[in-house]
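**Q** Here are the chains, one letter per residue:
Protein chains: 4
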Amino acid sequence: MKFGVVGAGRIGTIHGGNIAARKDCELVSVADADAGAARALADATGATTASVDQIMESKDVDAVAICSPTDTHADLIERAARAGKAIFCEKPIALDVGRIRNCLEVVRSTGATLMIGFNRRFDPNFAALRKRVAEGAIGRLEIVSITSRDPGPPPISYIARSGGLFRDMMIHDFDMARFILGEEPVAVSAMGSAVVDGAIGEAGDIDTAVVIMETKSGKVAQISNSRRATYGYDQRVEAHGESGMIHVGNVRETTVELGGAQGFTRDKSLNFFLDRYDAAYKIELDAFVAAVKSGAKPRPDGDDGLKANILADAAYQSWKTKQRVAIE
Amino acid sequence: MKFGVVGAGRIGTIHGGNIAARKDCELVSVADADAGAARALADATGATTASVDQIMESKDVDAVAICSPTDTHADLIERAARAGKAIFCEKPIALDVGRIRNCLEVVRSTGATLMIGFNRRFDPNFAALRKRVAEGAIGRLEIVSITSRDPGPPPISYIARSGGLFRDMMIHDFDMARFILGEEPVAVSAMGSAVVDGAIGEAGDIDTAVVIMETKSGKVAQISNSRRATYGYDQRVEAHGESGMIHVGNVRETTVELGGAQGFTRDKSLNFFLDRYDAAYKIELDAFVAAVKSGAKPRPDGDDGLKANILADAAYQSWKTKQRVAIE
Amino acid sequence: MKFGVVGAGRIGTIHGGNIAARKDCELVSVADADAGAARALADATGATTASVDQIMESKDVDAVAICSPTDTHADLIERAARAGKAIFCEKPIALDVGRIRNCLEVVRSTGATLMIGFNRRFDPNFAALRKRVAEGAIGRLEIVSITSRDPGPPPISYIARSGGLFRDMMIHDFDMARFILGEEPVAVSAMGSAVVDGAIGEAGDIDTAVVIMETKSGKVAQISNSRRATYGYDQRVEAHGESGMIHVGNVRETTVELGGAQGFTRDKSLNFFLDRYDAAYKIELDAFVAAVKSGAKPRPDGDDGLKANILADAAYQSWKTKQRVAIE
Amino acid sequence: MKFGVVGAGRIGTIHGGNIAARKDCELVSVADADAGAARALADATGATTASVDQIMESKDVDAVAICSPTDTHADLIERAARAGKAIFCEKPIALDVGRIRNCLEVVRSTGATLMIGFNRRFDPNFAALRKRVAEGAIGRLEIVSITSRDPGPPPISYIARSGGLFRDMMIHDFDMARFILGEEPVAVSAMGSAVVDGAIGEAGDIDTAVVIMETKSGKVAQISNSRRATYGYDQRVEAHGESGMIHVGNVRETTVELGGAQGFTRDKSLNFFLDRYDAAYKIELDAFVAAVKSGAKPRPDGDDGLKANILADAAYQSWKTKQRVAIE
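Line by line, the protein sequences give chains E, C, L and Y. Under the numbering used here, the first residue of the first sequence carries the number 4, and numbering increases by one thereafter. Under the numbering used here, the first residue of the second sequence carries the number 4, and numbering increases by one thereafter. Under the numbering used here, the first residue of the third sequence carries the number 4, and numbering increases by one thereafter. Under the numbering used here, the first residue of the fourth sequence carries the number 4, and numbering increases by one thereafter.
What the hints contain is simulated information worked out from the structure, not anything from laboratory work. A few of these clues could be false.
Since the list gives no way to pick out one identical chain from another, each pair is judged satisfied if it fits inside one copy or across any two copies.
[Unchecked claim] In silico lysine-lysine, BS3-like type, Cα no more than 30 Å apart, as pairs: (1) K323 to K296; (2) K285 to K325; (3) K5 to K285; (4) K134 to K325; (5) K62 to K94; (6) K94 to K323; (7) K310 to K285; (8) K26 to K323; (9) K62 to K134; (10) K325 to K310; (11) K5 to K26; (12) K323 to K285; (13) K219 to K325; (14) K26 to K285; (15) K323 to K5; (16) K26 to K219; (17) K325 to K300; (18) K310 to K26; (19) K310 to K62; (20) K134 to K323; (21) K300 to K219; (22) K323 to K219; (23) K5 to K219; (24) K62 to K219.
Keep in mind it's a predicted model, so treat the numbers as computed, not measured.
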């Protein structure tokens with residue numbers, strides 16, 4: 004399978020490197036508005052630089068990995084779909100649900116294969132939790148609790164165009180909740196504030212938030228987010244069911260523990276997503292490649308992307324209006 | 004200090020035994036509608052049985068521990084207050100907030116000492132968390148997360164007169180949230196269902212619930228409750244602040260871990276409140292006795308009892324109306 | 004059952020308090036060369052002070068708890084045995100194995116009930132390990148590993164009359180090894196040094212030691228001792244068998260964990276034996292009382308005391324002679 | 004740097020793959036008595052197959068990785084040294100200490116660079132322990148405790164030519180002890196038996212062993228080995244010093260914990276060295292490449308290989324003769 008990568012920033016570099024390292028894939032071309040970034044990734048992987056047009060038109064490109072800024076995703080998905088490419092696109096498809104629906108209509112009509120990069124589904128820890136829940140290890144599921152804290156807030160410039168905490172950060176947790184619940188939430192209630200950094204509040208966003216959701220059958224979920232965690236990237240999930248619970252904890256750099264007058268001290272959590280989700284990105288790519296090869300529909304797909312956005316919008320609305328919001 | 008105990012059930016027996024075991028206290032009389040229960044506790048502690056009237060009128064009784072059913076609490080508090088006794092009363096003061104206010108007015112007007120039995124504040128684990136937060140170990144507080152699951156649901160007959168999950172069970176967590184937040188919640192949103200036991204739903208109650216709250220300054224809190232936990236009594240609290248987090252985990256019977264083909268297995272949590280809060284009940288009594296001796300106002304006091312009930316009412320209302328509820 | 008306690012120091016105070024707190028026992032008299040110490044314990048427990056002679060001769064005393072200095076143990080056991088008392092004696096019976104044998108001969112000939120205070124057998128954690136091993140949870144036992152570190156070294160004056168690390172401190176671990184192995188060691192090899200405190204070395208003793216032992220059937224055991232542990236009292240045991248392992252870890256003051264820039268910090272271990280073995284001392288007394296009441300032979304008995312001393316002697320000899328020592 | 008690999012078995016495949024994956028290295032040729040094995044590795048890495056002679060004589064090979072059976076190591080080291088290659092050799096250099104000394108004399112006289120594959124030094128967990136000890140995190144070191152258990156015994160055919168448990172398995176732990184102690188042991192005492200598998204005993208070897216060692220300055224070390232661990236590969240180290248302790252625990256597959264009626268169950272340890280030491284093998288290669296490039300002497304070197312063998316021999320002798328053995 005021959006790939007073109009659009010976007011050679013932090014996440015494009017990860018996917019590009021993972022593609023190039025596979026024996027069954029080849030990274031043929033890299034496009035980026037920043038020619039130097041494209042060049043660096045191309046050099047590191049034996050690919051060539053190219054324009055987006057060239058990638059889309061190339062007979063030599065089977066699949067496109069879209070790793071460019073969010074506001075380009077929907078257009079690129081549509082172009083790639085029409086060009087007959089298999090498409091891997093980073094989340095989100097777009098910030099606007101209407102735009103997402105239009106985009107997915109193009110995907111549907113062209114019959115294109117589209118997978119959305121909710122990488123956490125492929126983390127071996129969360130995947131094991133999901134598998135055990137599905138196997139019945141805790142019986143009928145009742146409560147899902149998700150904790151997600153970044154080590155520190157992004158620049159204010161990023162905040163401004165991010166779509167806000169719910170659409171930019173908590174969207175991963177909405178997808179995780181759906182992934183584990185196996186059922187759609189029908190109501191969302193959110194609270195939040197900008198207590199980490201006042202400038203985030205001035206930019207109209209929040210950095211600290213809690214959300215609760217419920218499904219038709221009575222399952223409930225809670226999500227807790229913060230843009231700061233001094234003890235490392237905090238990524239935990241807990242699922243409770245009729246016969247037990249499954250907890251996924253953080254991953255530490257080492258298993259070293261120091262005992263002394265201060266007590267017993269263990270390592271911080273792996274500091275950020277590049278470390279914590281290193282394996283997840285590779286496994287995610289496995290899943291995409293396997294789906295394209297077999298002709299199966301990959302998951303998470305466009306509909307998963309849409310539904311996570313709908314939940315994020317509902318949470319945003321709940322926070323803004325101080326009302327519980329129903330999902331149709 | 005000489006005590007009379009009203010109510011010789013499970014919790015009265017704990018307090019009675021703890022009073023009798025102290026060198027600076029004496030348990031002089033025990034009242035219970037069930038004469039056998041009163042007799043058993045009296046025999047075990049060297050006390051005598053008595054009627055409530057006798058306890059209230061006795062010159063020999065300095066303090067009353069009210070451990071009788073919830074619907075008797077407010078009346079007994081008022082009687083004891085008028086009789087000049089120091090009063091320790093199990094939560095809640097009453098299920099109805101109006102009734103609580105009237106009762107507290109009597110307490111205020113008589114100048115009586117009243118302490119409410121939110122025992123978890125005295126658990127050495129939670130107390131250490133509270134102390135460290137107050138000392139600034141994690142800087143300005145941002146998020147409090149409380150998990151509370153009973154090993155199994157009480158009988159339906161108990162459910163029916165309990166006031167419901169929010170007023171009967173989650174009331175402890177509302178008090179814990181206030182205890183740690185150090186600030187009053189101004190809004191509550193609740194979701195819940197009866198997924199553990201359908202009969203609880205038929206009785207008009209729920210057995211699974213999640214709540215979020217926020218304070219004026221932007222702190223947020225989340226609470227998760229279930230009437231069932233197959234792995235033992237689940238009592239955890241986590242506090243996040245600007246410079247770190249403090250987690251209080253469960254307490255296990257032993258520190259034994261078995262490694263084998265199944266993995267590594269540790270003990271369940273201590274199974275219920277009599278075990279988990281054994282030390283807390285003793286320390287709570289220390290605090291009551293110390294307050295009465297010194298003339299200081301004990302905490303948690305009537306106002307703490309009132310405010311926890313107000314939060315429970317708001318959560319109930321939120322659940323029933325599917326609306327976020329503001330607290331004045 | 005009516006008790007006399009001989010020795011009102013730290014350990015006598017524990018046993019005296021535990022005896023007095025039982026409903027089925029009474030502490031009637033306390034003897035100590037230090038009249039003030041005897042008075043303090045007697046006052047705290049409602050007992051009277053008495054001479055050793057008075058305790059031994061009293062018709063009112065059924066059982067004697069010997070908590071006096073080590074060099075008085077054997078004599079007091081013999082006197083109590085001849086006086087027809089049930090005997091609980093702190094370890095060791097004597098430092099000299101010959102003296103122990105003579106003493107046990109008196110116990111045997113008088114038919115006296117004698118239990119030796121190897122308190123760790125009654126620690127709920129170690130007892131659970133022993134029980135699970137006996138139940139076959141890890142199959143045939145192969146390796147036992149014991150770690151034992153005191154928070155800090157005792158005064159040099161104590162060291163001088165203690166019999167040395169092997170007879171004073173590691174004797175508990177020899178008993179623990181026998182308790183778990185269920186089979187007698189036939190060889191001992193020891194190494195050690197005085198690296199914690201040079202003064203201990205000058206006093207002819209060591210403060211750091213490791214020992215290995217083997218049994219006839221091929222089970223092996225290792226023990227590690229230090230007179231210092233900055234992270235609290237360190238008391239761990241691990242048992243390995245054909246189908247798994249059981250680990251007993253330390254006990255902490257609280258379950259609090261602080262996450263921050265330093266990593267994740269938990270409490271130190273409970274600081275010393277009064278805290279760690281608080282429950283063990285009570286359960287040990289249960290076992291003694293139950294044995295006396297039922298007429299059963301209590302364990303650990305005089306023979307257990309003798310055999311632990313023999314192992315300690317062998318370890319001492321191994322350390323001194325730099326030879327492996329066989330046990331007949 | 005261009006590599007030839009001699010030996011394309013399990014460990015040769017690891018090193019060959021790691022070499023081929025580096026941008027600064029090339030795997031040019033692979034030799035193995037089993038032509039199919041050589042072919043498989045060559046095909047997977049883009050190398051060609053070759054004879055040992057061809058590798059040694061090739062101008063195109065800068066470095067040789069010796070991954071063939073133990074009894075070929077010394078000869079291959081000598082040939083490579085004389086051929087002017089940099090040499091990475093799997094442990095041990097030889098089973099016989101005299102043979103090792105001769106081989107190292109050749110290495111010395113030719114000035115060849117030789118690194119021995121004690122991979123555990125490069126495990127991020129053990130490396131962090133070593134680094135912290137060296138930085139003084141626990142003050143002066145006093146006790147080192149090493150636990151090492153394989154998931155299951157190797158075939159009897161392997162046992163027969165392995166040199167026995169001490170030289171084949173515990174040799175890693177002797178190197179680890181030296182690595183952490185930073186000082187040479189001067190005495191060794193060993194005990195062991197064949198309790199896991201009687202056939203191992205019949206082959207003249209043991210499968211269960213404990214060893215103690217001491218250094219001139221009074222530091223002590225203990226090692227515990229078993230050829231079986233049902234709960235996964237068991238690789239732990241603990242270092243105690245004057246101001247604290249550092250513990251390195253096992254690594255688990257995931258951070259999943261399942262709570263239920265059985266208690267709380269976590270994953271087994273990573274099952275064997277390919278998983279546990281995956282990172283260590285890569286970091287080990289980093290160290291070799293960096294040393295060769297910079298002209299620095301790599302560690303562990305031939306002398307480390309020799310000294311670990313001397314300790315293994317002493318332990319073997321101690322076990323056989325039932326005597327403590329001094330190391331000159």
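**Q** Can you list which hints this structure breaks, lowest number first?
**A** 1, 2, 4, 8, 9, 12, 15, 16, 17, 18, 19, 20, 23 and 24
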